[in-house]
Structure formats: structure tokens, C-alpha cells
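Engineer: Since the structure of chain E is provided, determine the placement of chain Z on it from the hints.
Listed in order, the protein sequences are those of chains E and Z.
Each residue of the first sequence is one higher than the last, beginning at 15 in the working numbering.
Each residue of the second sequence is one higher than the last, beginning at 10 in the working numbering.
No lab work stands behind these hints, which were simulated from the structure alone.
In this text, a Cβ means the ideal position worked out from N, Cα and C, and glycines have one as well.
Among the hints, erroneous ones may be present.
Said to hold, decoys possible - Using C-beta positions, here's what the derived DEER-type ranges look like:
hint, chain 1, residue 1, chain 2, residue 2, range
1, E, Pro73, Z, Asp136, 20 to 28 Å
2, E, Thr84, Z, Leu92, 37 to 45 Å
3, Z, Val45, E, Gly160, 32 to 40 Å
4, E, Pro159, Z, Ala137, 37 to 45 Å
5, E, Pro73, Z, Pro149, 51 to 59 Å
6, Z, Ala94, E, Arg83, 26 to 34 Å
7, Z, Pro101, E, Glu213, 50 to 58 Å
8, Z, Ala80, E, Glu213, 24 to 32 Å
9, Z, His122, E, Arg154, 32 to 40 Å
10, E, Ser74, Z, Ala80, 33 to 41 Å
11, Z, Arg104, E, Arg129, 49 to 57 Å
12, Z, Leu148, E, Ser71, 50 to 58 Å
Unchecked claim - Per the computed footprint, the stretches of chain E lying under chain Z, defined by three or more beta-carbons under 8 Å from a beta-carbon of chain Z, are:
hint, region
13, 105-112
14, 201-210
Unchecked claim - Some residues of chain E that are not near chain Z, with every Cβ distance over 10 Å (derived):
hint, residue
15, Ala85
16, Leu115
17, Asn125
18, Ala147
19, Pro159
20, Ala170
21, Leu177
22, Thr190
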Amino acid sequence: MPGNMELSDTAARLSRGDFSTLRRRLMKAMLGGVLLPGLPRQVLSHADFGPVAPVKSVPSLACVLSDGRTATLVKLLTGKTTALQLMFTGCSAICPIQGALFARLQGMLPNQLARNIQLLSLSIDPLSDDPKALSAWLKRFAARPGWIAASPALAALGQVTALFRSGVNAADNHSTQVYLINRGAQLVWRTSDLPTPREIADLLLQLV
Amino acid sequence: MAAKWSIGVAALWLSVVSVAQTPAESSARRGEQLFVGEEPLKGAIVGHDDALPAFASKCVNCHDPAASEKANYGSKLTRAALLEAAARRGGPPSRYEPGSFCRLLRTGIDPAHILILRAMPRYEIDDAQCLAIWNYLILPRD
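If we strip away everything but chain E, and leave its shape as in the complex, we get (with noise of 0.2 Å):
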């Protein structure tokens, strides 16, 4: 109660001008100072969705990708916005509808590899989901260049989860958020479960 007595004094104090240049302060300094002021304005106080305060680096992680070259996580976010979902190719549940959202997605993204962004699955069962199966599941959803998927190396993958904040479903044991990755490879936004594909879109576009 303290607290928030003071937190209250505090804002008695302050002019609607200064509570204003405080609140704009707050917010840049809680999206790291990499998101537009346009962005959708969500639920701050709500943990799992929303700006990512601080923004998360990326761990280099190995992984591999669908047509069978190997890469650090880290490399392959480095230089591109990315919207990354999690996901694996045995899934029959959400996975499929996760698919379609990306398919439908990449359609909204007009100069997507001129514009450095990139669409990335990657997998939760890196035991299953080798090459092959990541090329499959790109095909099943006519995906184009920018859309890419991979696999992490299977002692990586609690990393993976933890970052992400995996394991909301017992059948399926992973999220259907999206997360916003900027070009220096941080983890910027989580979106809440199944985000439209304009949102997404939106999303990507102001953090180019």
C-alpha cells in the first residue's frame, strides 16, 4: 500500500503534460526504443503478450534448416524482421492452422525480401522434424522465398521453450502466439494466440 500511495502522490504532482511525457518515456523505454509509436497499444501489465521489456536477446543456438544447411538461431534473425512461430510438422491440431495464418500472412507482405523480412517456423521436436520434414510442411503451404523453417538442435531446445515461454497445451506443448524479432536478433513483441494475419503484417511493417 506504501507504494502505491506514493505512486499516487506522484501522479497528483504531475500536469497532464508531464504525466504525458512521462507515460511516452515509459513506453520508449519499455519497447528498447525499437517499435514505432504506431504500434498497437496492448495490455501492458499482461506478461504474456505485448512489447517484450526488456527486449530479449536471442541465444545462438545451432539449428537446422529445410533444405539441410546448418545455422546458429542467432544468424539466421541477424539483419531481418522476423515473425516466428513455433510449431512442429507432427501436429495435427493447431499446427495446420498455424500454417495457413503464416500462408495467409506472406500474401500480405508486398516486397517482403526487399524489405529484409522473413517469416520463420521452427519446430519444437527437433528428433522428427529433419529437413525433409521441414521442406514438406513449407510445400503444404506454398510457401515462397522469405517463409523459412528450421529445426534446433535437440540439447537446444529448452532453450527455445524458455524463451518463448512454450508448454500451454499438453497434446500440443506449444503457444500459438507470434513473436516479433528485430533485425539485431532480439525478441521484441509476442502477439496473443492466433493474431490475425493483418496484425502480424502491421506489426512487421513498422518495425522494418
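Structural biologist: Frame of chain E; chain Z shown alone:
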């Protein structure tokens, strides 16, 4: 000649018997086709403008009768689970009947007036399709 006639008549009788179905059986057969996606259903996630591709909105994707309760993303839709009174999603005991079942498919509101998960598509489904799925699900099974 008589033997050939007998065989022919018997074959015809068997084929008629095998395809003759009551309206409820016929409806349930269609319901199965809808449930597993042999006949496509049009569904969308709440808030999304576009319908999902049919393969992504099949009932069986999340309510596979052959899978265990834990392996299914959604609840298992057995005859008992639908018809017997049970507390669902923290609500008071309720049971399904065709009207409330169809309302759930279209609006996501269950018989206890509780909204189900957004991850389940809401379907543009006509009465005959809906009743067909219902008839399929409540078929007595061993």
C-alpha cells in the same frame, strides 16, 4: 440357368440391403464424412477475415476418436460425453442436444453458455450438416 438366376437375385438383394440406410444412418454417414474432412467444412478463427483451408479446420484434427484423451487437443466427443450431464469449463452441469451442439459449432458458446477456446474454428454450417455430425457422434459404439 435357374442357379444363375438365384445367384443373381441373391446378389441384387445383398446389394440393396447393404446400401439401404435409414435417414438417421445416412445422415450419420454424412456426418462422418464431414467430421474427417471427406466433405469440407468452412470454418474461421474468431476475428479472422478469411476461412481456413478445409484441411486445417477438420473436426478430427483435434477430436480424433482413435486418439487418447491426452493426445487430443480438444475434448473427446463420445456419445456419453455429449449426452450425459457434466460440468464443462467450470460451468454448471450441462448436456448437449442438437440445438446447443449446432450453436457451439457456429458461435463457440457451449450449453452452459460458456465460450470455448478461440482456437476452435467457428463454422458456417447448415442445419443438415450440423445434424449429420451430431448423428455421427451419438451413434452407439461398442
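Engineer: It remains to establish, for every hint, whether it holds in the given structure.
Structural biologist: Outcome of the hint check:
no.: 1; hint: E:Pro73 with Z:Asp136: 20 to 28 Å; verdict: violated (53 Å)
no.: 2; hint: E:Thr84 with Z:Leu92: 37 to 45 Å; verdict: violated (53 Å)
no.: 3; hint: Z:Val45 with E:Gly160: 32 to 40 Å; verdict: holds (34 Å)
no.: 4; hint: E:Pro159 with Z:Ala137: 37 to 45 Å; verdict: holds (44 Å)
no.: 5; hint: E:Pro73 with Z:Pro149: 51 to 59 Å; verdict: holds (54 Å)
no.: 6; hint: Z:Ala94 with E:Arg83: 26 to 34 Å; verdict: violated (56 Å)
no.: 7; hint: Z:Pro101 with E:Glu213: 50 to 58 Å; verdict: violated (35 Å)
no.: 8; hint: Z:Ala80 with E:Glu213: 24 to 32 Å; verdict: holds (31 Å)
no.: 9; hint: Z:His122 with E:Arg154: 32 to 40 Å; verdict: holds (37 Å)
no.: 10; hint: E:Ser74 with Z:Ala80: 33 to 41 Å; verdict: holds (34 Å)
no.: 11; hint: Z:Arg104 with E:Arg129: 49 to 57 Å; verdict: holds (53 Å)
no.: 12; hint: Z:Leu148 with E:Ser71: 50 to 58 Å; verdict: holds (55 Å)
no.: 13; hint: 105-112; verdict: holds (count 5)
no.: 14; hint: 201-210; verdict: holds (count 3)
no.: 15; hint: Ala85; verdict: holds (29 Å)
no.: 16; hint: Leu115; verdict: violated (8 Å)
no.: 17; hint: Asn125; verdict: holds (22 Å)
no.: 18; hint: Ala147; verdict: holds (17 Å)
no.: 19; hint: Pro159; verdict: holds (21 Å)
no.: 20; hint: Ala170; verdict: holds (26 Å)
no.: 21; hint: Leu177; verdict: holds (22 Å)
no.: 22; hint: Thr190; verdict: violated (6 Å)
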